[in-house]
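Undergrad: For the sequence shown, this note's numbering assigns the number 425 to the initial residue and increments by one for each residue that follows.
In short, the hints are calculated from the structure, not lab data. Note that the structure is predicted; figures quoted are calculated from it, not measured. Some clues are possibly wrong.
[Unchecked claim] Think about it this way: if two alpha-carbon atoms lie no more than 30 Å apart in a straight line, the pair counts; the simulated DSS-like pairs of lysine-lysine are:
id, residue 1, residue 2
1, 449, 537
2, 612, 596
3, 450, 537
4, 596, 545
5, 524, 612
6, 608, 595
7, 524, 535
8, 595, 612
9, 594, 450
10, 449, 535
11, 449, 598
12, 596, 535
13, 595, 440
14, 488, 537
15, 431, 524
16, 537, 524
17, 612, 535
18, 450, 608
19, 431, 449
[Claimed, not checked] Computed spacing ranges between beta-carbons, pair by pair:
id, residue 1, residue 2, range
20, 508, 568, 38 to 44 Å
21, 582, 486, 43 to 49 Å
22, 436, 589, 48 to 54 Å
23, 496, 448, 53 to 59 Å
24, 499, 602, 49 to 55 Å
25, 609, 573, 50 to 56 Å
26, 612, 546, 33 to 39 Å
27, 540, 458, 15 to 21 Å
28, 445, 589, 34 to 40 Å
29, 508, 605, 23 to 29 Å
The beta carbon of each residue, even a glycine, is placed where N, CA and C say it ideally should be.
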Amino acid sequence: MELEQLKQQWDILHTKLDEEQIINKKLMENAIRQKIDNTNFRNVFGLAVRVIIIPFLFIMYNHKFLNDFTFYITITFLIFALPFSIYWTYQFIQHMSLEKNIIEVEKFLLKYKRYNYIIEKFSYTVIFIILSWELINRYEILTSVNMFYPILIIFSLIFIGIIYLGIYEKKKIKNLHQSISDLKEFEKE
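Work out the full structure, taking the sequences as your base and the hints as a guide.
TA: Pasting the structure below:
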């Protein structure tokens with residue numbers, strides 16, 4: 425009699441534990457899906473910003489707000505970076521699905537992190553060159569109206585803001601990778 429009660433209680437506990445694990449897995453998957461959706465949104469938003477910037481650069485160039493070097497280097501950078509951004513955004517949307525093998529998803533995420541790292545460093549270099557060139561090119565004008573240091577501070581803040589955005593994006597991708605790794609470990613158990 426006692427043995428049957430213990431067996432029934434064991435079965436009930438085992439069933440509850442299975443239900444808890446299913447709930448925990450679904451919660452983890454929902455959190456990962458949310459992070460994937462947020463990254464997709466940031467990728468598409470970044471593409472839209474790059475496309476919208478191009479006409480504004482032409483307008484600024486036509487009104488002589490940009491010199492030739494700044495205009496051409498910026499347009500060249502945007503035009504060459506746009507296909508890569510489109511490709512990686514599309515690849516991210518295609519590969520980041522929890523219906524696929526979690527190991528394949530993790531492998532793709534590592535490739536995506538590497539791409540992000542490379543493009544981030546390249547972007548910092550190009551932006552630093554553009555901002556430095558603008559300061560050097562307009563030094564005489566800015567010093568004659570005592571605006572060199574305020575513009576230097578503004579450019580520094582712009583550059584620091586861009587670096588902050590890169591760090592923020594890297595942190596989000598790292599959190600996504602950690603969540604996927606946790607899910608992979610949870611599925612192993």
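Undergrad: Honestly, which of those hints from before does the structure not fit?
TA: 13, 14, 15, 21, 24
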